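Undergrad: These protein sequence lines are chains E, H, G, F and Z, in that order. Under our numbering, the first sequence has 6 at position 6, and the numbering climbs by one with no breaks. Under our numbering, the second sequence has 197 at position 197, and the numbering climbs by one with no breaks. Under our numbering, the third sequence has 424 at position 424, and the numbering climbs by one with no breaks. Under our numbering, the fourth sequence has 57 at position 57, and the numbering climbs by one with no breaks. Under our numbering, the fifth sequence has 134 at position 134, and the numbering climbs by one with no breaks.
A portion of the hints provided could be inaccurate.
[Stated by the list, open to error] Negatives, chain E to chain F, calculated, CB over 10 Å:
hint, residue
1, Leu28
2, Gly82
3, Gly104
4, Asp109
5, Gly192
6, Met351
7, Val366
8, Gly572
9, Arg575
10, Gly586
[Unchecked claim] Derived CB-CB ranges, DEER-like:
hint, chain 1, residue 1, chain 2, residue 2, range
11, G, Gly454, Z, Val29, 52 to 58 Å
12, G, Pro380, H, Val456, 45 to 51 Å
13, E, Glu158, H, Arg25, 52 to 58 Å
14, F, Asp94, G, Val423, 55 to 61 Å
15, H, Arg298, G, Val476, 57 to 63 Å
16, E, Leu601, G, Gly417, 24 to 30 Å
17, G, Arg455, E, Val557, 21 to 27 Å
18, G, Arg455, H, Arg108, 22 to 28 Å
19, G, Val476, H, Ala451, 47 to 53 Å
20, H, Leu10, G, Arg455, 32 to 38 Å
21, H, Arg108, G, Val281, 46 to 52 Å
22, H, Gly156, E, Leu601, 48 to 54 Å
23, E, Leu601, Z, Val29, 32 to 38 Å
Source of the hints: derived by calculation from the structure; they are not laboratory data. Bear in mind the structure is a predicted one, so any value in this text is a computation, not a measurement. Where a beta carbon is used, it is the ideal one built from N, C-alpha and C, also for glycine.
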Amino acid sequence: MTVGTLAALAVLAPFAAAALGLPLGRVLSASALALSGTFLAAALGILVASFAAAAPARVWETAAVLTPTGTIPVTLGVLVDGLSGTVAVMVALVALAVQMYSVGYLRHDPRYPSYAALVSLFTAAMLTVVLAADLLVVYAGWEVMGICSYLLIGHRWERQANSAAAVKSFLMTRFGDVGFLFGIFVLGVAAGSFRISDVLAAVPELPAGTLLAATLLLVAGVVGRSAQFPLHTWLPDAMAGPAPVSALIHAATMVAAGVYVVARLFPAFEAAPVSLNVLAVLAVVSMVGAALAALTAGDLKRVLAYSTISQVSLMFAALAIGARVPAVGHLLSHAAFKALLFLCAGAVIMMVGSSLLTDLGGLREVMPVTFVTMTIGFAALAGLPPTSGFFIKDALVTAAEQAARGGPAPVGAATAVLVLGALLLTGLLTGAYVTRAWLLTFFGPPRARFQPVHPEAPPVMTLPLLALAVPALLLGFGGLNWETLRPQRDSALLSVLLAGIGVVAAYAGWRADPVRDPAVALGRLRGLFATALHTNDLYERTVARAVRRLATVVAGVDDRVVGRAVTGVGRGARRLGGVIRLTQNGNPQFYLTGLLAGVLLLAVGVVLLT
Amino acid sequence: MNLLTVLVILLPLAGCLVVLALPERVAVGFCVYVSGLTLAAAVGMVTWFDYGRADQVQLSVDLPWIPALGLRLHLGVDGISLPLVVLTALLCALCAVYLTRPAGSPDRPRALVSLLLLAQVGMTGTFLALDLLLFFMFFEVVLVPMYAVIAGWGGGPGRVAAARQFILYTLLGSGVLLTGLLVIYTSTSTLDILELTRRGGAGIGATVQVVAFLLVAGGLAVKVPVWPLHSWLPDAHTEAPTVGSVLLAGVLLKMGSYGLVRIAVPVLPAGAAEIAPVLGALGVVGIVYAALACLAQRDLKRLIAFSSVGHMGFVLLGIATLTPAGLNGALFANLAHGLITGLLFFLAGGLAQRCGDTDIAGLGGGLLGRAPRLGGLLVFAAIASLGLPGLAGFWGELLALLSAFQPAGALDRELYLGFMAVAGLGAVLTAGYLLVMLRRVAQGPVGEPVADVSAVEWVVWAPLVVLVVVAGLWPRLVLGVTDGAVRTLLGGG
Amino acid sequence: MPPEQSIDYLATGPPLVLIAGALAVLVADAFRPRSGLAAGGALTAVLVALGVEAVLAANAPLATFCVGASCSYAVDSFTVLFQVVLLLAGLVVLLLARVEIRQTRLPAGEFHFLLLAALAGALTLAAGRDLVILVVGLEVVSLPLFALVALRRYDGRSTEAGLKMFLVSVTSTAVMLFGISLVYGATGTMFLDAIGAALRRPDTPGAVAAAGMVLVLVGFGFKISAVPFHFWTPDTYQGAPVTVAAFLSVVSKAAGFAGLILVLTVAFGPLVAVWGPLVAVLAAVTMTLGNLVALRQRTVMRLLAWSSIAQAGYMLAPLGMAAGVAGTRVPELVAATVGYLAIYAAMSLGVFAVVSYAGWIGGRGGGEVDDYRGLAGSHPVTALALAFFLACLAGLPPGLAGLFAKIVVFRGVLTGGFGALAVLMVVNTVIGLYYYLAWASRLFARTGSSVHFGRMPRPVVAAVLLSGVATVLMSVLPQLVLGIAPAGG
Amino acid sequence: MHLIYPVVLAALLFSVGIYGVLARRNVILVLMSVELMLNAVNLNLVTFDVWLADVLRSGQTLALFTIVIAAAEVGLGLAIVLLVFRNRSTIAVDALRELADRDAGEVLNR
Amino acid sequence: MTGAEIVFGLLGVATLAAAVLVVTTRHLVRAALWLVVALGALAGCFLVLTAELVAWVQVLIYVGAVVVLLLFGIVLTRAPIGRSSDVDSRNRWAALVVALSTAGALVTVVVSGFRDAYTDLGTPAGSASTMRAGIFRYWVLPFEALSVLLLAALVGAIVLTRVDIGQRGPGGGDA
């Protein structure tokens with residue numbers, strides 16, 4: 001069995017689980033189906049990745065024509081190399097953890113079967129995005145992820161807010177996807193093939209304009225899917241979905257898929273620096289803005305959601321300055337710690353029944369496992385040593401610093417300086433919001449009434465927490481193999497220092513009054529940040545309202561103009577008939593006059609014409 | 001095996017007459033039997049079709065009929081028509097089965113069955129005909145039975161008006177179509193579509209081609225329907241009984257787009273090159289317009305009906321590119337729309353039967369809780385309709401967009417890029433209204449439970465679901481058949 | 001003195017048979033009134049005449065009453081087709097008449113005599129090849145019809161209808177005769193082919209001939225109810241006995257077309273550039289006006305009248321294209337008109353057949369359209385037949401015959417390259433469908449109280465069957481009536 | 001003789017007949033006017049026949065036939081007129097308007 | 001101007017004048033009498049044109065039969081014998097316009113067509129014997145058709161005027 005086949009099987013295993021689970025989830029054991037499918041994917045992924053790791057320079061590619069199209073055919077196949085292998089393993093493992101966790105988390109939910117199947121389907125789709133060799137197939141996976149995200153966000157669709165959030169998330173991402181698809185068209189048509197390897201091989205020959213257009217369009221898709229500014233407002237709302245879904249889709253995998261795609265097609269982006277500059281600016285705005293929002297958000301999951309936006313921006317910023325390896329490294333480490341954080345948040349929610357920070361507090365004793373693992377996650381998020389986050393952030397700062405100093409980077413030094421500044425500022429803010437959330441969740445007096453249960457969660461839930469805590473803590477050491485991932489003294493000190501300032505500031509604010517939210521200190525700015533500078537309102541007021549109004553107008557026009565034009569013609573014909581029939585007045589002399597006058601006219605006409 | 005080609009027309013025709021002599025109570029059963037046999041014959045055609053020569057007409061029958069008109073009874077299938085013939089047989093059979101529901105047995109079944117079978121004759125014949133006038137004849141056969149089905153078995157108080165508007169409007173279209181076909185005939189002296197395709201416009205002057213194309217496309221546009229000639233459609237679909245809506249959306253609209261692919265584009269290439277941008281523009285306007293109109297619809301059936309306008313807009317855009325990819329996409333979208341919208345109308349009919357109405361607000365929401373399987377199917381159908389990859393709706397849209405990105409050489413590329421962009425936006429809006437609809441119908445607070453999917457409904461709907469998935473996952477099933485034929489049609493293009 | 005003209009009894013057989021039959025019927029009825037002898041005799045005469053047609057068809061072409069190369073009476077495929085159509089139509093009308101005569105107490109002997117006389121005139125019209133016989137033939141068709149229309153003597157409406165038709169007819173005849181006199185003055189002959197030859201000569205006064213031609217057309221325009229010669233039609237149809245209206249709508253109209261085609265193509269062929277556009281305009285106006293006013297009709301007989309006006313417009317349309325095509329292709333156009341006419345005859349008679357019986361439900365001949373509501377509930381077969389014939393008239397499948405007729409006419413129009421008229425026809429077809437549909441849909445309306453009338457009498461059933469079979473036959477084999485035009489055009 | 005005299009006379013006579021047909025109320029007067037029109041026809045026919053020296057005598061023959069036709073028309077016409085008079089007690093042309101295109105509800109305006 | 005032209009002119013003026021009186025007089029009976037004058041004058045015209053047979057038939061049938069019939073009609077419909085005010089319809093002005101236009105058009109056409117045509121009245125063209133030859137050698141068919149026409153007219157007239165079966169039918173009617 002070749003590596004390609006194994007990789008294909010890795011995709012097919014969760015797909016099969018979904019295909020069986022969706023119609024038959026109530027008959028078969030849904031959890032067994034989902035777990036086995038995901039497990040198989042993980043195992044095969046590890047196998048494939050190990051092959052890839054053993055031969056870092058090698059690329060395995062298989063392809064068969066999926067269908068003729070009349071122009072460039074669509075091929076079905078996998079592309080395995082170090083990048084895709086590693087990311088695939090990450091995806092499969094996080095999915096496995098989440099599936100396992102979900103068994104416990106949703107054990108009383110009658111809709112668990114469809115839920116599990118959808119998560120499996122999502123896993124398959126994400127693996128497709130990672131492993132597919134054809135850009136259009138990537139797009140297919142990309143879209144399927146979207147719909148799974150939609151369905152899972154709307155898992156509790158009884159509440160209008162949840163279904164609204166689901167719709168919003170789908171539409172905003174799909175808006176970006178249109179650009180993504182067109183970007184694929186531009187690349188594929190220019191290269192004469194939609195196969196990634198062909199496209200990349202063709203990049204040196206492609207005209208700059210084509211590459212620019214293609215990459216800009218791809219950026220649009222990526223921005224939507226990864227919830228970057230200006231298409232970021234869906235992600236906080238998407239927290240309406242169950243916590244494990246947030247962990248998998250809205251933290252670890254789908255949201256980061258954009259990073260993967262840019263990394264995958266990096267040669268094309270490198271050849272179009274303008275796009276990278278755009279990406280960098282968007283990332284900087286998202287990074288800082290989301291961090292500010294996280295600082296003030298009142299809901300634990302929303303804090304995490306904003307932090308996700310912010311962290312994914314870090315990856316994009318890294319890509320923009322050419323630091324591909326740190327970007328992918330952050331992708332992996334972020335997947336680990338952010339999934340962990342969300343799962344922990346899920347455990348908290350299960351215990352307290354709420355994720356509002358004002359309802360939490362003092363959970364340290366009640367939920368020891370969660371406390372420990374979540375602390376690790378938070379530390380990694382804040383980039384504190386020795387967690388994985390520390391290594392990665394250090395690498396990012398180093399890369400930015402080098403680029404700012406004029407090192408080899410696809411974007412100019414000015415952009416690099418901007419990125420560096422943003423990185424440092426974000427480090428500070430991250431330290432602050434992490435500390436705030438941590439303190440408000442686990443310390444101080446309990447603020448909501450709930451019945452503490454023991455154990456805090458069934459082992460099927462705590463096990464994934466512990467499992468994810470390990471890479472969150474230790475993954476950084478695995479990256480020491482790579483030159484770019486080794487910590488540099490100056491930058492390490494700087495970033496830890498900044499994070500520490502953030503932590504201390506937050507702590508100080510909390511210490512003053514443990515019951516009060518330290519973010520209150522921000523005063524008026526708090527409301528502004530919490531709403532992400534009113535971007536959501538802005539969209540609601542402009543785009544959504546405009547579309548709705550336009551829809552009403554169109555419906556009215558259709559009814560009154562287009563439809564009535566048709567009926568009006570009919571009515572007009574009837575009326576005309578009514579006028580003409582007046583000539584049929586019954587008077588034979590009138591008839592004769594008509595006849596003779598008609599003849600006369602005809603005769604005169606004919607004589608004049610001859 | 002050319003007998004099969006005749007059988008798929010003759011069986012329903014015979015059934016349509018014979019059923020009138022049978023007692024009322026066996027009529028529906030008889031219909032299932034006849035349409036089942038027809039489906040079997042269609043499957044036979046699929047079996048005996050030589051896929052290696054999909055670009056050539058097979059299983060053909062060619063007999064002289066009316067020499068005074070130059071009309072020949074020339075029937076046959078190639079890669080373009082085969083899928084549609086099967087689709088027709090399938091949907092008709094499913095409709096027949098649907099009528100057997102104990103809860104929804106129709107009033108005056110004998111007449112209804114007879115009309116449906118007659119409509120089937122016309123629909124199948126349209127896809128099989130290889131003679132311009134024969135095509136037109138079958139095209140017309142559908143009108144009266146469809147009118148009668150809407151007017152006689154429709155649900156609402158506006159059914160007679162809707163039926164009348166349908167038949168008058170489409171007759172106007174077919175009159176224009178006839179004029180166009182005869183313009184072709186008067187300048188070529190042949191009615192044979194294959195011969196005309198072979199000539200590829202040779203012998204017809206450029207101006208005549210433009211005029212003829214305008215007439216033919218204009219006539220077919222009413223049936224497709226192309227914006228702004230669509231106003232018959234929402235009313236007709238809304239008022240028609242479920243089987244009527246299914247056949248209208250599932251098959252009838254395809255007759256228009258099929259005609260464009262089969263006649264207008266290959267026979268009048270110069271005219272097509274001249275007018276295609278207009279078609280494309282109308283197509284994309286239709287996509288956006290329909291999506292916006294759908295956002296404001298309050299009735300489920302009306303919404304689905306408007307969505308047809310949008311989907312057919314993609315079909316039109318594909319055709320307007322005059323490329324193999326575009327035509328492939330159009331044909332695929334045709335098929336997909338037939339399956340998906342057929343399913344949607346079945347579901348809407350099921351809802352109407354359960355809740356008494358298809359008013360979205362009146363349905364009460366929470367369907368996923370009140371009848372989980374029914375709700376699940378609705379979600380599935382809506383998602384398929386919005387063009388999710390992996391389901392049938394995707395490939396048609398994809399190819400339409402892709403072909404608009406690289407339209408035929410003679411066309412203005414910048415313009416088509418604009419079309420593509422607008423169509424892409426339209427796709428977002430399409431998703432928008434479908435999801436909003438799901439939000440209001442399938443989701444939300446759960447009210448009183450309603451009967452979930454019954455056995456008969458499963459029998460009818462399951463094949464559609466399966467085909468939507470299969471066609472989505474394995475598009476080669478269709479595109480592999482159409483591709484060669486489409487290339488031949490465009491002159492080896 | 002040279003010998004008198006001899007008579008070719010075979011060629012003139014059909015009208016002679018009818019005349020003989022008419023006389024026999026008159027005599028028989030005088031001696032044995034109300035015995036059914038009249039009806040039987042008339043039917044026999046028509047059947048015998050049809051038999052003669054069969055012989056004629058085998059022996060055509062024939063010509064008789066010749067002076068030099070020109071003949072007054074010719075039998076070719078055109079004549080045979082027309083005569084067969086006329087005779088079959090006459091047969092249907094006779095079958096229908098049996099019931100109506102009984103129901104409305106019409107004098108049977110005179111009725112049949114007049115009908116046969118008119119029919120004989122119509123046959124002569126299709127065979128005549130000079131202006132004298134054409135005008136006399138036209139009068140032979142018209143005069144008995146005045147009497148027939150007014151035959152419900154107790155009914156003021158019937159009388160009024162007769163008078164209206166009479167006045168318009170005699171005026172038209174006078175105008176036509178004046179036209180003939182001008183044509184005669186301009187060309188010096190009455191024979192159609194000789195007129196054609198004379199018109200090709202340069203010294204013929206063109207303006208006089210053209211004016212004469214227009215006036216000659218009036219007589220035929222009256223017969224075929226073309227606008228503006230149509231005014232009498234609706235009133236007359238409404239007042240006349242239904243069977244007589246059927247005769248007017250089919251036989252009289254067909255005879256008018258036969259004469260019109262002969263005059264236009266054979267005599268005035270050289271003036272095609274003049275009459276082509278004229279006829280085209282007449283066609284356009286006729287179909288549009290007819291259809292538009294038909295939209296507003298509720299009375300069945302008036303509806304049928306306006307529809308027959310509109311249909312005349314369609315039939316004229318191909319003729320109107322003659323100026324646009326090469327002279328050798330004019331017969332194609334004529335054939336289109338002839339084909340449409342033949343098909344129209346069958347389907348229109350079908351409607352009249354059903355209406356003649358079912359229409360009595362409303363009290364007056366034909367009734368109101370609303371009287372037919374729910375007919376399908378009580379008389380499904382009758383309703384189906386009527387719906388079928390209406391579909392034919394609308395030109396929609398399952399009425400394939402009507403569809404073919406429309407196709408033929410459209411093709412004719414497009415052969416002439418006159419797209420605007422074709423588009424106008426499209427619009428008219430739609431309007432036409434509207435009112436046919438309005439009627440047909442009422443048949444199938446679900447009502448509590450649907451009409452009931454007794455079993456259809458056998459002659460009516462036979463008439464419906466006859467028209468039905470003819471229509472179905474032309475749905476399957478329309479070539480029977482397509483592609484036939486007069487020789488010498 | 002110059003041909004203009006008879007043909008112009010015929011044309012004028014015909015026009016006078018037309019005026020009568022269109023202007024007279026009494027059906028019998030209308031019939032008389034029709035006779036004038038037919039006589040104009042006859043004058044034309046005879047004139048042309050003589051002018052052409054037609055060996056077939058077409059014109060004069062048709063003139064004779066026209067006279068016969070006129071007689072037949074008048075005969076039948078009078079029968080109808082009498083019938084009208086019997087049914088309606090008037091023979092004013094413009095009073096015979098029961099058959100006309102109007103909706104059932106409309107008042108007959110006699 | 002030849003003598004024939006003068007005679008014809010006078011007769012023509014008489015014909016036309018009588019014809020105008022026919023269509024304008026307010027006396028029904030006088031209209032019939034003026035018709036006789038017009039027809040008679042026209043018969044004179046025919047004689048000038050050497051169409052003897054036509055002239056005599058004109059006098060016999062028209063003056064002898066048709067006008068008598070019309071007079072019968074006047075009597076039977078109980079028309080006022082004297083001057084009556086409503087012999088003309090409201091259509092008079094339209095009639096005048098149509099008639100004048102017709103006259104203008106026809107005169108223009110025939111004058112343009114026969115401006116230079118002269119007829120030779122030297123050889124009598126319409127004696128009874130030559131006419132008989134014409135009719136029976138060349139126009140047998142219309143002649144025979146005409147007999148049918150007459151018979152039909154006769155039967156029609158009789159059946160319409162017979163009063164013996166004038167009852168109402170079941171279909172009703174307004175009598």
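Undergrad: Does each hint fit the structure? Answer for all of them.
TA: Here is how each hint holds up against the structure:
no. : hint                              : result
1   : Leu28                             : holds (72 Å)
2   : Gly82                             : holds (88 Å)
3   : Gly104                            : holds (80 Å)
4   : Asp109                            : holds (69 Å)
5   : Gly192                            : holds (72 Å)
6   : Met351                            : holds (81 Å)
7   : Val366                            : holds (88 Å)
8   : Gly572                            : holds (19 Å)
9   : Arg575                            : holds (14 Å)
10  : Gly586                            : violated (3 Å)
11  : G:Gly454 <-> Z:Val29: 52 to 58 Å  : holds (54 Å)
12  : G:Pro380 <-> H:Val456: 45 to 51 Å : violated (29 Å)
13  : E:Glu158 <-> H:Arg25: 52 to 58 Å  : violated (44 Å)
14  : F:Asp94 <-> G:Val423: 55 to 61 Å  : violated (39 Å)
15  : H:Arg298 <-> G:Val476: 57 to 63 Å : violated (49 Å)
16  : E:Leu601 <-> G:Gly417: 24 to 30 Å : holds (26 Å)
17  : G:Arg455 <-> E:Val557: 21 to 27 Å : violated (56 Å)
18  : G:Arg455 <-> H:Arg108: 22 to 28 Å : holds (23 Å)
19  : G:Val476 <-> H:Ala451: 47 to 53 Å : holds (48 Å)
20  : H:Leu10 <-> G:Arg455: 32 to 38 Å  : holds (34 Å)
21  : H:Arg108 <-> G:Val281: 46 to 52 Å : holds (47 Å)
22  : H:Gly156 <-> E:Leu601: 48 to 54 Å : holds (50 Å)
23  : E:Leu601 <-> Z:Val29: 32 to 38 Å  : holds (37 Å)
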